[in-house]
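Novice: Going down the list, the protein sequences come from chains A and B.
So the number in this note's numbering is just where the residue sits in the first sequence, counting from 1, plus 6.
So the number in this note's numbering is just where the residue sits in the second sequence, counting from 1, plus 20.
Treat the hints loosely; a few may be bogus.
What the hints assert, rightly or not - Here are some chain A residues pointing at chain B (derived, C-beta under 10 Å):
1) Arg14
2) Arg50
3) Val53
4) Arg57
5) Glu137
6) Ala214
7) Met216
8) Glu241
9) Asn242
10) Lys272
Rather than coming from a laboratory, the hints here were simulated on the basis of the structure.
These numbers were taken from a predicted model, which means no experiment stands behind them.
Using N, Cα and C, we set each Cβ at its ideal position, and we do this for glycine too.
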Amino acid sequence: MSERVAVRKTYKLFIGGKFPRSESGRSYLVQSSNVSLASRKDARDAVVAARAAVKGWAGATAYNRGQILYRAAEMLEGRREQFVALGIPGDEVDAAVDRWVWYAGWADKLAQVYGGANPVAGPYFNISAPEPTGVVAVVAPERPALLGLVSVIAPAIVTGNTVVVAASPSEPLAAVTLAEVLATSDLPGGVVNILTGAITETAPTLAAHMDVNAIDLTGVTDAALATDLEVKAAENLKRVLRPAPADHDWSVDPGLDRMTALLETKTVWHPKGV
Amino acid sequence: MTATTTSARSELSELGRSETALRTFLHGLPGVDQVGAEQRAAQLGTRSIKTTAKAQAIDLAIRMVDLTTLEGADTPGKVRALAAKAIRPDPADPSCPHVGAVCVYPAMVPYVAEVLRGSGVHLASVATAFPSGQAPLEIKLADTRAAVAAGADEIDMVINRGAFLSGRYKEVYDEIVATKEASGDAHLKVILETGELATYDNVRRASWLAMLAGGDFIKTSTGKVPIAATMPVSLVMLEAVRDFREATGRQVGVKPAGGIKTTKDAIKYLVMVNETVGPDWLDPDWFRFGASSLLNDLLMQRTKLTTGTYSGPDYFTLD
Chain A
7 MSERVAVRKT YKLFIGGKFP RSESGRSYLV QSSNVSLASR KDARDAVVAA RAAVKGWAGA
67 TAYNRGQILY RAAEMLEGRR EQFVALGIPG DEVDAAVDRW VWYAGWADKL AQVYGGANPV
127 AGPYFNISAP EPTGVVAVVA PERPALLGLV SVIAPAIVTG NTVVVAASPS EPLAAVTLAE
187 VLATSDLPGG VVNILTGAIT ETAPTLAAHM DVNAIDLTGV TDAALATDLE VKAAENLKRV
247 LRPAPADHDW SVDPGLDRMT ALLETKTVWH PKGV
Chain B
21 MTATTTSARS ELSELGRSET ALRTFLHGLP GVDQVGAEQR AAQLGTRSIK TTAKAQAIDL
81 AIRMVDLTTL EGADTPGKVR ALAAKAIRPD PADPSCPHVG AVCVYPAMVP YVAEVLRGSG
141 VHLASVATAF PSGQAPLEIK LADTRAAVAA GADEIDMVIN RGAFLSGRYK EVYDEIVATK
201 EASGDAHLKV ILETGELATY DNVRRASWLA MLAGGDFIKT STGKVPIAAT MPVSLVMLEA
261 VRDFREATGR QVGVKPAGGI KTTKDAIKYL VMVNETVGPD WLDPDWFRFG ASSLLNDLLM
321 QRTKLTTGTY SGPDYFTLD
């Protein structure tokens with residue numbers, strides 16, 4: 007009997023619910039695992055997948071989106087050991103599951119809190135309702151590897167946006183493992199797309215892409231790069247989320263800001279007729 | 021050499037006179053190696069076309085597009101808008117070429133003709149009881165004459181697949197000859213509907229039949245059956261037009277239609293044209309794409325090459 011040779015895992019991209027290798031064929035090593043190095047074309051493909059998913063995801067009922075996100079949290083809980091094996095503290099995995107559940111709960115509540123009837127000086131019934139922005143590009147923070155990632159993805163998708171996430175180049179394993187969690191939950195393909203590799207390669211493509219509606223620069227630590235991305239994002243008036251680059255404490259109550267930053271408000275004037 | 025070619029030509033032109041001669045000739049064509057054709061087509065799809073070559077390919081592909089709308093819901097307003105788009109596909113960029121033609125149902129031809137007049141964009145009309153072709157010959161010919169009279173300068177006819185599949189080649193031949201005559205000066209594109217022909221051998225036979233009968237173009241599909249243009253089918257047709265020119269000296273165009281949606285697909289076809297029949301066919305007069313959504317993808321890729329940023333469907337018309 008020869009000794010069994012362990013099968014090494016290749017960490018691939020997550021685009022449109024599938025796990026393709028980078029179109030460029032490139033990869034890089036992280037913790038002695040091969041991880042795909044995404045190219046500009048992969049970023050473009052991810053945007054196409056995200057755009058295709060908007061209609062179904064934004065059109066699903068808020069209740070349905072919430073249920074799907076709860077399910078994702080259950081799957082995340084079930085993979086706890088896998089994340090711990092990647093070096094993520096157990097506490098952080100628990101916090102990530104809790105964070106996911108917390109955001110899932112907002113799916114069918116945010117509209118009541120953030121929208122509502124407006125008093126107007128006329129014989130009209132006037133209501134404002136929050137609607138998703140569309141495709142959101144997210145540059146994920148480096149640390150905490152899992153909680154940080156969950157804390158930027160969940161608030162974007164809970165309201166009906168779809169995301170293309172540029173994972174932290176140094177922490178892609180947690181991101182791809184999270185992708186496996188999402189792929190085995192009921193989340194439709196394309197709602198979350200994850201690119202691993204160099205931020206300097208994918209982020210400018212996403213920032214300049216005319217079919218991306220918002221960009222979250224949370225994970226960009228280089229001020230010059232952040233400015234460059236903001237300039238590129240201005241071309242089609244993307245919403246830009248650029249939190250102060252302080253040492254963000256991800257463990258505290260995140261509040262509603264991350265969700266509301268990625269919403270559009272639709273206001274309807276309705277002749278009352280009563 | 022010249023003597024043989026001339027005698028071969030006269031022999032080929034005699035074929036249409038008898039059912040037996042046609043059958044003997046068509047069944048005498050060499051069979052298509054199915055695996056070989058599929059492998060060759062797949063191999064041609066792996067060529068990498070980048071930067072300036074890609075820019076040229078995109079502009080050529082735009083010039084080759086037959087911008088098509090063949091819906092029951094077509095309205096004069098919709099086809100007018102489509103015709104305007106055909107003339108100036110990217111209003112933001114005057115250097116963008118116009119497409120090859122607009123392709124509509126006969127009833128829509130007058131509205132398109134108004135818009136296209138003097139633009140250099142051809143006006144194609146489907147005819148002969150498109151897409152099934154299951155109507156009496158007089159009706160098919162009247163359909164054709166009406167389209168030409170309304171201003172179409174290209175006619176896309178369908179062959180009688182029922183007759184072809186049951187081996188009545190002469191009937192198919194005669195219908196094409198009659199439609200060619202009814203088309204007058206208009207170019208005749210013969211739709212083989214390869215998705216219904218079942219085998220590559222049949223595609224080769226139908227291609228030859230259409231060319232012998234006088235078709236100016238052979239076209240793969242109507243776009244109305246599940247299997248439309250595929251690379252191997254187009255390869256077989258390209259080989260047929262190449263061999264036909266060698267035998268007769270007459271060049272016939274090819275138009276794959278249906279299912280070609282992305283720039284990548286279009287470039288694969290252009291590579292195949294170049295490597296199978298050569299650059300003589302790399303021209304809108306000899307090769308066309310029957311497509312509707314392809315144009316927007318070509319425009320998006322073109323914008324990417326000129327501006328450096330990826331564009332989105334929000335910036336192009338829905339049609």
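Novice: What are the numbers of the hints the structure violates, in ascending order?
Specialist: As far as the earlier hints go, 1, 5, 10 are violated by this structure, in ascending order.
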